[in-house]
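Residue numbers (my numbering), protein chains in the order written: chain A, 1 to 91; chain B, 1 to 91; chain C, 1 to 91.
Watch out, some of these pointers could steer you wrong.
Same chains, same names: a pair is fine if it fits in one copy or spans any two.
Said to hold, decoys possible - Computed cross-link-like contacts, DMTMM-like style, restricted to lysine to aspartate or glutamate with a CA-CA straight-line distance of at most 25 Å: (1) Lys3 / Asp33; (2) Lys3 / Glu25; (3) Lys8 / Asp86; (4) Lys27 / Asp86; (5) Lys8 / Glu51; (6) Lys27 / Glu61; (7) Lys8 / Asp33; (8) Lys19 / Asp33; (9) Lys71 / Glu25; (10) Lys71 / Glu61; (11) Lys3 / Glu51; (12) Lys19 / Glu35; (13) Lys71 / Glu35.
Just so you know, the hints here were simulated from the structure itself, not pulled from any lab data.
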Amino acid sequence: MSKTLVSKRLVACATIIGKAQSFYEWKGKMVQDSEVLIIMKTTARRYPALERAIKALHPYEVPEIIGLSVKSGFAPYLAWIFTQVDQSKQN
Amino acid sequence: MSKTLVSKRLVACATIIGKAQSFYEWKGKMVQDSEVLIIMKTTARRYPALERAIKALHPYEVPEIIGLSVKSGFAPYLAWIFTQVDQSKQN
Amino acid sequence: MSKTLVSKRLVACATIIGKAQSFYEWKGKMVQDSEVLIIMKTTARRYPALERAIKALHPYEVPEIIGLSVKSGFAPYLAWIFTQVDQSKQN
Chain A
1 MSKTLVSKRL VACATIIGKA QSFYEWKGKM VQDSEVLIIM KTTARRYPAL
51 ERAIKALHPY EVPEIIGLSV KSGFAPYLAW IFTQVDQSKQ N
Chain B
1 MSKTLVSKRL VACATIIGKA QSFYEWKGKM VQDSEVLIIM KTTARRYPAL
51 ERAIKALHPY EVPEIIGLSV KSGFAPYLAW IFTQVDQSKQ N
Chain C
1 MSKTLVSKRL VACATIIGKA QSFYEWKGKM VQDSEVLIIM KTTARRYPAL
51 ERAIKALHPY EVPEIIGLSV KSGFAPYLAW IFTQVDQSKQ N
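Let's have the full structure, built from the sequences with the hints guiding it.
And the structure:
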């Protein structure tokens, strides 16, 4: 999924943090699931399209997709994100 | 701790990211600790009760409990969080 | 890097989350890199100095440095962060 989202310019970078364990209740039962945390760096403008793409690619009925807003950051890195997800350069 | 917090409807989901190493100074000495990062998904309204519960369950004198606010997210997932931590359904 | 930033009182705590895999395009090519996620706890006031220090220590030309703002947190822990990065105590 990560490579697809990068090549579609929906994220500039996707960082997979391996081996996560999630606890939650689903339909009344406690569930313990092996999961993967993916931290995706994109822009607010590209978020809606990214969310649709994740929903289409993800195996879950209700995947956990959460957006946090960046308050500060290394300017050249933030500029690079904008360049990478710029739709006009979509290959 | 994670299972307890889920069953008490203080969090909808707790995701444990294993094997973290923390560096910090404690009482003037550099400390390197093996720790576990737990990402807990809840609502702003349930946060105070969650913080009290973590403090009661956590072995540290001053545990690291930090709340970040969600800016955007997959609507059905966010709705599910609210349903799961709704106190009126506390078993 | 983490120990240096703690001893320079630029961060109160640095938590290294090991074994991350990042996908991104660099100069037109898809790259898959083994990386490390470091979650650094500091104050908004110390962030500019922290960013300069990371840039000086980091091997990348454009390192990913992102700041998120804390919305809520365990008061004694937040107070501890402010004490630890208080420049007047720099050794």
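(Q) One pair to classify: Lys27 and Asp86, alpha carbons no more than 25 Å apart. Within, between, both, or neither? (A) Classified as between; 15 Å across copies, 41 Å inside a copy.
(Q) At most 25 Å between CA atoms: does that hold for Lys19 and Glu35 within a copy, between copies, both, or neither? (A) Close inside one copy (6 Å) and across copies (15 Å); limit 25 Å.
Q.
Checking an output row: Lys71 and Glu61, CA cutoff 25 Å. Within, between, both or neither?
A. between (31 Å within a copy, 22 Å between copies)
Q. With identical chains treated as interchangeable, where does the CA-CA distance between Lys8 and Asp33 reach 25 Å or less: within a copy, between copies, both, or neither?
A. Answer is between: at 19 Å across copies they meet the 25 Å cutoff, but 29 Å inside does not.
Q: State whether the alpha carbon distance between Lys8 and Glu51 is at most 25 Å within one copy, between copies, both, or neither.
A: Classified as within; 13 Å inside a copy, 30 Å across copies.
Q: If the cutoff is 25 Å on CA atoms, where do Lys71 and Glu35 land: within, between, both or neither? Let me know, please.
A: between (27 Å within a copy, 22 Å between copies)
(Q) Please sort Lys3 with Glu51 into within, between, both or neither, judging by C-alpha distance up to 25 Å. (A) Answer is within: at 15 Å inside a copy they meet the 25 Å cutoff, but 28 Å across does not.
(Q) One pair to classify: Lys3 and Glu25, alpha carbons no more than 25 Å apart. Within, between, both, or neither? (A) Cα proximity of Lys3 and Glu25: across copies only (9 Å, versus 31 Å in one copy).
Q | Status of Asp33 relative to Lys3 across identical chains (alpha carbons, at most 25 Å) | A | Both, since 23 Å and 12 Å are each at most 25 Å.
Q: Give the relationship of Lys71 and Glu25 under a CA distance limit of 25 Å: within one copy only, between copies only, both, or neither.
A: between (33 Å within a copy, 24 Å between copies)
Q. Under a CA distance limit of 25 Å, which applies to Lys19 and Asp33: within one copy, between copies, both, or neither?
A. both (10 Å within a copy, 17 Å between copies)
Q) Under a CA distance limit of 25 Å, which applies to Lys27 and Glu61: within one copy, between copies, both, or neither? A) Result: close within a single copy only, 13 Å intra versus 36 Å inter.
The earlier numbered hints are all upheld by this structure, with none contradicted.
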